[in-house]
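Going down the list, the protein sequences come from chains A and B. As numbered in my numbering, residues 1 to 232 make up the first sequence, in order. As numbered in my numbering, residues 1 to 392 make up the second sequence, in order.
Calculated directly from the structure, the hints in this document are not laboratory data. Where a beta carbon is used, it is the ideal one built from N, C-alpha and C, also for glycine. Among the hints, erroneous ones may be present.
As the list claims (entries may be wrong) - Residues of chain B clear of chain A, computed beta-carbon distances all greater than 10 angstroms:
| no. | residue |
| --- | --- |
| 1 | Leu43 |
| 2 | Leu65 |
| 3 | Ala85 |
| 4 | Val88 |
| 5 | Gly204 |
| 6 | Ala313 |
| 7 | Ala314 |
Stated by the list, open to error - Simulated DEER-style distance windows between Cβ atoms:
| no. | chain 1 | residue 1 | chain 2 | residue 2 | range |
| --- | --- | --- | --- | --- | --- |
| 8 | A | Gly96 | B | His243 | 15 to 25 angstroms |
| 9 | B | Glu345 | A | His4 | 46 to 56 angstroms |
| 10 | A | His150 | B | Glu287 | 34 to 44 angstroms |
| 11 | A | Arg132 | B | Pro292 | 38 to 48 angstroms |
| 12 | B | Asp27 | A | Leu129 | 47 to 57 angstroms |
| 13 | B | Pro218 | A | Ala171 | 46 to 56 angstroms |
| 14 | A | Ala171 | B | Glu287 | 53 to 63 angstroms |
Stated by the list, open to error - Some residues of chain B that are not near chain A, with every Cβ distance over 10 angstroms (derived):
| no. | residue |
| --- | --- |
| 15 | Val9 |
| 16 | Pro97 |
| 17 | Ser108 |
| 18 | Ala186 |
Here's the letter readout for the chains.
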Amino acid sequence: MSGHLILALPSKGRLMEQCAALLERAGLTVVKSGPARGYKGEIAGLPGVEVNFISSSEIAQHLKNGTAHLGITGEDLLRETMADCDERVTFLHPCGFGQTDVVVAVPAAWIDVRQMFDLEEMALNFRRLHGRRIRVATKYMNLTRRFFAHNGVTGYRIVESLGATEGAPAALLAELIVDITTTGATLRANGLKVLEDGLILKSQANLVSSNGAPWTPELRNLEREVAARLAV
Amino acid sequence: MPAEAAQKVEALAAQAQRLMATFTRADYEQIAPAIIQPAGLFLDVIGENLRARTYVFTDPDGEELCLRPDLTVPTCRLHLARHPAGDVPARYCYSGPAFRYQPGGPTSAHPSEFRQAGIESFAATDREKDDAAVLALTVEAVREAGLARFDLRLGDLGLFNALLDALPMPQRWRRRLRHHFWRPEAFRAELARLTSREALQARGVPRELMDALDPDRPEAAPNLVEGYLERSGLELVGTRTAHEIAGRLLAEAADARETPLPSSAATLIEGYTALKAPAREAAARLEALLGPHKLDLGAALAAFRRRLDLLDAAGIDTTSATFAAEFGRDLEYYTGFVFEIVVPELGPRSPVAGGGRYDDLLADVGAPTKVPAVGACIHTERLLAVLGGGAA
Numbered sequence: 001m002s003g004h005l006i007l008a009l010p011s012k013g014r015l016m017e018q019c020a021a022l023l024e025r026a027g028l029t030v031v032k033s034g035p036a037r038g039y040k041g042e043i044a045g046l047p048g049v050e051v052n053f054i055s056s057s058e059i060a061q062h063l064k065n066g067t068a069h070l071g072i073t074g075e076d077l078l079r080e081t082m083a084d085c086d087e088r089v090t091f092l093h094p095c096g097f098g099q100t101d102v103v104v105a106v107p108a109a110w111i112d113v114r115q116m117f118d119l120e121e122m123a124l125n126f127r128r129l130h131g132r133r134i135r136v137a138t139k140y141m142n143l144t145r146r147f148f149a150h151n152g153v154t155g156y157r158i159v160e161s162l163g164a165t166e167g168a169p170a171a172l173l174a175e176l177i178v179d180i181t182t183t184g185a186t187l188r189a190n191g192l193k194v195l196e197d198g199l200i201l202k203s204q205a206n207l208v209s210s211n212g213a214p215w216t217p218e219l220r221n222l223e224r225e226v227a228a229r230l231a232v
Numbered sequence: 001m002p003a004e005a006a007q008k009v010e011a012l013a014a015q016a017q018r019l020m021a022t023f024t025r026a027d028y029e030q031i032a033p034a035i036i037q038p039a040g041l042f043l044d045v046i047g048e049n050l051r052a053r054t055y056v057f058t059d060p061d062g063e064e065l066c067l068r069p070d071l072t073v074p075t076c077r078l079h080l081a082r083h084p085a086g087d088v089p090a091r092y093c094y095s096g097p098a099f100r101y102q103p104g105g106p107t108s109a110h111p112s113e114f115r116q117a118g119i120e121s122f123a124a125t126d127r128e129k130d131d132a133a134v135l136a137l138t139v140e141a142v143r144e145a146g147l148a149r150f151d152l153r154l155g156d157l158g159l160f161n162a163l164l165d166a167l168p169m170p171q172r173w174r175r176r177l178r179h180h181f182w183r184p185e186a187f188r189a190e191l192a193r194l195t196s197r198e199a200l201q202a203r204g205v206p207r208e209l210m211d212a213l214d215p216d217r218p219e220a221a222p223n224l225v226e227g228y229l230e231r232s233g234l235e236l237v238g239t240r241t242a243h244e245i246a247g248r249l250l251a252e253a254a255d256a257r258e259t260p261l262p263s264s265a266a267t268l269i270e271g272y273t274a275l276k277a278p279a280r281e282a283a284a285r286l287e288a289l290l291g292p293h294k295l296d297l298g299a300a301l302a303a304f305r306r307r308l309d310l311l312d313a314a315g316i317d318t319t320s321a322t323f324a325a326e327f328g329r330d331l332e333y334y335t336g337f338v339f340e341i342v343v344p345e346l347g348p349r350s351p352v353a354g355g356g357r358y359d360d361l362l363a364d365v366g367a368p369t370k371v372p373a374v375g376a377c378i379h380t381e382r383l384l385a386v387l388g389g390g391a392a
């Protein structure tokens, strides 16, 4: 709706609850409203803000396109969705939840592969022996490509994986993975280890402002109000 | 991409016709490989850099397909469909669209949908002669299309390979340096590592295993690795075997015992990769670099000179061509001679044509052995833009 500050929040799960609690503590109580089956809301006592509940991965897309002014979502999803993330959005406030690391993980038994450097040479041998490139299972295709290119690793192929990525090596669907981990327990349980220099991103949920949204001076005032209350 | 003006489409079609007339007159058979290609094979041979720029999609049967990002691999596939061994001499030419995603959005010099006109020559045994013939024909084609002034940039991976072969070092080091040639940063890092005894020894392999591994008894290594993994409670998941892991650990054990590369050799390699000179002077400059090391690149240097002579004989002015050892292409598959035709209007990052030798590609696509191959392609939109035709 034009004239409103559109705030995009996760529509389900723990992230939705944590966002609501964070905003509540800052005195910004989110109230669901309207006929749209609970996918719309507003903030009590702060007219002019329209809350849209959207899935986390789509929030990044809305901030990229400028169809939301503000949003809360994971930095991993923001950087995956936008190669030029820092130009398209402004990070206003780290939320202190949704912490996760995006990492490169390989079978722990690969005692000959400890760093990204080893990966490139191993990939070379692998191709000679197996006649194909090593496969990396991930849902973070763009983060993977940028990180591997930055580290001079080229001899690989990405296999898109939308769930249970950590099982891909054992299922022979990929040789290694790029995935999120918090404690590393899931990786260990699947016989995987993180490469010594394989941390791609330390991510958490962030309040982010879209640089491409239709901003007016009034909406900037509202943005400052929301950011100021969260910063306390 | 907005629709093209009818005028430009016609100008491109007329230009393509002239280019193909030049190619077919030289006995290159005109072919039209499929635009839609199987993604798997294609993506395996072109590497992740170009893969990131390839339009990949899934058809209703779940088959992964792609829009061809170039016509060289499709031409290899067509050749192998006719001659599974690949070793029957053949010369092909083509003209048609290719597709590449352009990060940051397409521009007129880097469109996401463009037409390539090119030639590929397979299984010719006289490599220098074929290299020169392909470049000469490419030059003839752009000249006949109307391009009067251009610069020629040459490179030769054969010289680099010969230099590495002439310097004493383990074969696996040569393989690594060759592999990193396209990536200057990784190349310098690897060179620094090979010249440092500490760097060669400072690897994270467990001491007990490193001491037990004997590079002179490689057959014992897989069992040692399996024993170590079992004692450490590490389960071997996935495709790689203990044999493969042992192979790399043996190389590390050998590296740790190896005499590092002398810094004079590293300086020579760096001196070569920095070499940039008029093509006719490059060979002499390289010999001057080699002199103090008492090294002789023999056949590779002779091949380099012979190719220049053949180009001269074909009417190519090699005195104004430049040679750059580090002359880089964004396709990893080149293995020998490489060249680009550039014009000042578009700059060095947008060559009008380019090509080179790729002796490994047919084997990568499925030929049972390596097959000599050299080819070139013309970026027809750029050529038309330089000639001022079909005003966009």
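To see whether the hints hold, each was checked on the structure:
| no. | hint | in the structure |
| --- | --- | --- |
| 1 | Leu43 | violated (6 angstroms) |
| 2 | Leu65 | holds (15 angstroms) |
| 3 | Ala85 | holds (17 angstroms) |
| 4 | Val88 | holds (23 angstroms) |
| 5 | Gly204 | violated (5 angstroms) |
| 6 | Ala313 | holds (38 angstroms) |
| 7 | Ala314 | holds (35 angstroms) |
| 8 | Gly96(A) / His243(B): 15 to 25 angstroms | violated (48 angstroms) |
| 9 | Glu345(B) / His4(A): 46 to 56 angstroms | holds (49 angstroms) |
| 10 | His150(A) / Glu287(B): 34 to 44 angstroms | holds (38 angstroms) |
| 11 | Arg132(A) / Pro292(B): 38 to 48 angstroms | holds (44 angstroms) |
| 12 | Asp27(B) / Leu129(A): 47 to 57 angstroms | violated (40 angstroms) |
| 13 | Pro218(B) / Ala171(A): 46 to 56 angstroms | violated (31 angstroms) |
| 14 | Ala171(A) / Glu287(B): 53 to 63 angstroms | holds (56 angstroms) |
| 15 | Val9 | holds (32 angstroms) |
| 16 | Pro97 | holds (25 angstroms) |
| 17 | Ser108 | holds (21 angstroms) |
| 18 | Ala186 | violated (4 angstroms) |
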